[in-house]
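Student: Given chain A's structure and the hints, the job is docking chain B onto it.
In order, the protein sequence lines correspond to chains A and B. For the first sequence, counting from 1, position 363 maps to 1062 in the working numbering; every step adds exactly one. For the second sequence, counting from 1, position 40 maps to 49 in the working numbering; every step adds exactly one.
Bear in mind the hints are in silico, worked out from the structure with no lab data behind them. From a predicted model like this one, the values you see are computed outputs, not experimental measurements. By construction, the Cβ of each residue, glycine as well, lies at the ideal position given by its N, Cα and C atoms. Just so you know, not all the hints are guaranteed correct.
[Claimed, not checked] Simulated DEER-style distance windows between Cβ atoms: (1) A/Asp774 - B/Asn40: 53 to 59 Å; (2) B/Lys160 - A/Pro878: 55 to 61 Å; (3) B/Arg162 - A/Asp1256: 52 to 58 Å; (4) B/Asp28 - A/Pro785: 56 to 62 Å; (5) B/Asn40 - A/Thr905: 21 to 27 Å; (6) A/Ala1141 - B/Arg162: 40 to 46 Å; (7) B/Arg162 - A/Lys1143: 49 to 55 Å; (8) A/Thr905 - B/Arg125: 35 to 41 Å.
[To be verified] Covered stretches of chain A (chain B as the covering partner; in silico rule of three or more C-beta atoms under 8 Å from a C-beta of chain B): (9) 724-733; (10) 892-898; (11) 901-909; (12) 963-975.
Spelled out, the chains give:
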Amino acid sequence: MSHFTNPLEYVGQPARRVDALEKVTGRAKYIADYKVPGMLHARCLRSTLPHARIVRLDPTPALQVPGVRAVITSDDFVNHGLYGFPVKDKYMLAWQKVRYVGEPIAAVAADSPQAALAGAQAIVCELEPLPALFDPERALDPDAPQVGPDRSDGRHPNLKSDHMLVCKGNAEAELADCPIVLDRRYFTDWQEHAYIEPEGVLAMPTPEGGIVVYAPNQSPFINQGNLAMTLGLPPNLVRVIQPTVGGSFGGKDDIIYESSAQAAKLALITGRPVRMVFSREESLIASYKRDAMHMRIRLGADPDGTLRACWFRGILDSGAYASETPFTAWRASIHAMGAYRYRACDVDVYCVYTNNGYAGAFRGFGNPEVCFAVEQTVDELADLLGMDPIDLRLKNCLRLGDETAHGQVLNESVGLVECLTTARRLSDWDRKRAEYSRQNGAEKRRGIGVAAMYHGMSLGAEGADNASGTISILPDYSVDLTSGLTDYGTGSRTVYTLIAAEELGVRPERIRIQRPDTNTAIDSGPTVASRTTVVGGNAMRAAARNLRHTLDLAAADLLKCDPQQLIRVGESYIGPDEEAVSWEKIVDHAREMGLILSAHGKWSAPKIEWDHHHGRGTPYMAYVYGAQIAEVEVDMRTGNVQVLHLWAVHDIGKTIFPQGAYGQLYGGITQGLGYALTEQINYRDGYIQETNFESYLIPTSVDVPEITGQFVEAPYSYGPYGAKNIAEPSLVPTAPAVANAIAHATGRRIRELPMNLERVLLGHDLQPAGSKKPVEAGLAIAPR
Amino acid sequence: MVIEFKVNGKQVSVDAPPDITLLDLLRDYLNLTGSKEGCAVGECGACAVIMDGRLMNSCLVLAPQAAGSEIITIEGIHAPDGGPSDLQQNFIDYGAVQCGICIPGMIMAGEALLMRHAQPTRAEIRNALAGNLCRCTGYQQIVDAIEATAKGRQKAI
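Extracted from the complex, chain A is given alone in its bound form (with noise of 0.2 Å):
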């Protein structure tokens, strides 16, 4: 394995992003900036009611008014749009029913966007109630009222997926026998990406009768694969083109494909390019958010702090519609007992259909939310037995060579006991503790707490998993990258440049990179679950090796002699005669001889193998680890929280783009600072009450403290020179290492998320209150 003993160059060293120069003087365009000729602004009318059959729907009246040039509805679609994966259930545009307050009913075009709102404001719609089912705990009684699909199995048409299942022995059993069992509830709410730019789409109709579609999405192969199905179009009449993205998270796959399919439609009825930019209310109310969960935990343990059983039961709300929850609900599963060893494991997690708005992606993609419930449940333990956290913690974690509780066995690549003893090294814990452990009666208090994870890399049993990457050598010998896979701000753009350059020899500043397109580009599956580094690095690798491979047979032709021999000084490659010839000579000797300057390459991550019958195998081809430890001031007259300093230690393999990776832990950080504190979704009968920032408070900079990040790098075999990756696993731990902060300070636990002013200071929620106003408001609002 050279590439770990020879020095790297380029990977692993200080670099720029590479789109950074673009946006620091705001010449990036993202999609409101774009303005083409005749263009026409678009808008949906959308439900304002939770649950309901349309039973009239005439949208011609939005025909007349001025400016307005198109509207359609479902039945402008193939099989009325319906669309989906895992679970076909959601119609591009809704047909006969409506679940969610904020979804779609029908799409208009216009000259301007007020004339947009004017013709969605005038279609006739007639919306009959129906019972709606806002309770995820009473979703598969046998009266609930019915939101998901009707099913042929007998099964609860609300049961969304199956129940996912981890099986290790007797976990009842090992807990009747265990001298301490812990039985708690926890509860963690929905959460808004709140990307900072809001959904957007535009397309344009093309000469041949296809469609190019402009779309800020994260995975551009599933929009086609979607675009051409409701439209009826061959998919090479269908093109996607990724623009510079403001931010996504999870957040920008079904929306924005079902914003595509409608901007298309209206596209290709009037000839001319449809822009629709959602307005940040528009964007709250309507799109998908991270699922809300119930869940229930039993730990069992001996006196000494050795954990022998953990149970767990997982609901999650996950809305109206299946979106990728199906999957949200397996990962929760896989990492609901968290990073230990244990005798016996037997979780069982599940989503179901109510008429809560819907959940989706959402960084962490369910490890947020059950480490929430076992990284607190496990503090507690260690509490009850007088144990230090960290010693309990130490004493049961995962470490080379252990069996999982899915009966993996970890044969490399395993940090957490480093992550642990570093955090506490760095965050000075032991004295901290201490001290803070002493105080009583202070208006302010301080804790200091403590939270591990580990977290399954890229998408495991969820699927195929591979990718693919070109490279070329342009005629200026710039280097030009093409991947399927999409950079939304995560900075993966970089990292395949610093890869592509470290595999070729050739300084980065040469080499740039495609946004993606599914015209150039090669179908590389999802942008999701933080593979980008791991399976898109290993494909953009071996392009460039590839490629290499060509020049160094030219440079060895050229320098007469064996491609052995060959030596590299910088750029420049020098012979036995001990000349340096320029990497410009080899390429025009290359062409030369004939032979073809660009490369493919392609990699699949090994093959895994989990049986959801039984609840037991391979979930993940490897983990990644960390430990995070906050220090917090609590204020016990108002319960604010101030979060003072937060020490985050990640093993994420070898690093590739330090600066990049710091980023994804800092903001990743953030968010788990939001989702602990202050991100509250209050869904009420169905009706969203946070459709701006005024409301839905995501931490600004006086809400952060200063971050104290470092990486272990275990490095992995199969990762591109030993990478695994760090964007979601960086907010999973957070706002438990916060509750347990909380509850050092305090005495107090806290079991729901947000811990927000009053469950921290009462330790209840305050009279749920709402309306439909916000909704009502927000809809009414114009987008630019």
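Tutor: Using the frame of chain A, we list chain B on its own:
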């Protein structure tokens, strides 16, 4: 109505409806799309510009209120040679940029701070950014970049 003001050092005269915001005026009538709309209610700061020396959310300013004023937008921030300014370069060098949608507003907030406060502490920098939301970076590298710029400008004096 005709609205006359100075933007990025250039006198402009725009015929626009009186009920649009300064943000719309900049984006739709002057094609200055570097200022972004993230919320339209003055919460996120993505539309921030410097108006007569003060940081303003342009989504909260009615276009006619801009008459007679002097406005700097992200398009007006650059080095004398047209390349990135020291602050912009530090945003690049310190990894302050991820998705980038909030960055024009962040640069304006940083410039507005440094115009009135040459040597801010990290806490003062954080306070100055409190009206600018970023969902990607966690702010830390943005604070680093502004701090480094302040130090760089002190050295240059």
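Student: Determine for every hint whether it applies to the structure shown.
Tutor: Consistency of the hints with the structure:
At about 38 Å, the beta-carbon gap between A/Asp774 and B/Asn40 misses the expected band of 53 to 59 Å. Range check, B/Lys160 to A/Pro878: Cβ separation about 59 Å, and the 55 to 61 Å hint holds. For the pair B/Arg162 and A/Asp1256, the supplied restraint of 52 to 58 Å holds, since their beta-carbon distance comes to about 54 Å. Checked against the given bound of 56 to 62 Å, the beta carbons of B/Asp28 and A/Pro785, roughly 47 Å apart, lie outside it.
The beta-carbon spacing between B/Asn40 and A/Thr905, approximately 26 Å, falls within the hinted interval of 21 to 27 Å. Here the CB-CB span from A/Ala1141 to B/Arg162 is close to 42 Å, well matched to the stated 40 to 46 Å. A beta carbon spacing of about 37 Å between B/Arg162 and A/Lys1143 contradicts the range 49 to 55 Å that was offered as a hint. For A/Thr905 and B/Arg125, the hinted distance range of 35 to 41 Å is not satisfied, since their beta carbons lie about 52 Å from each other.
Check result for the segment 724-733 of chain A against chain B: holds, 8 residues qualifying (beta carbon to beta carbon below 8 Å, three or more required). With a cut-off of 8 Å between beta carbons, the segment 892-898 of chain A has 6 residues touching chain B; three or more are needed, and the interface restraint holds. As drawn, the segment 901-909 of chain A meets chain B at 0 residues by the rule of a beta-carbon pair under 8 Å; below three, the given contact is violated. Chain B is given as covering the segment 963-975 of chain A, and this is violated because 0 residues of the stretch bring a CB closer than 8 Å to a CB of that chain, at least three being needed.
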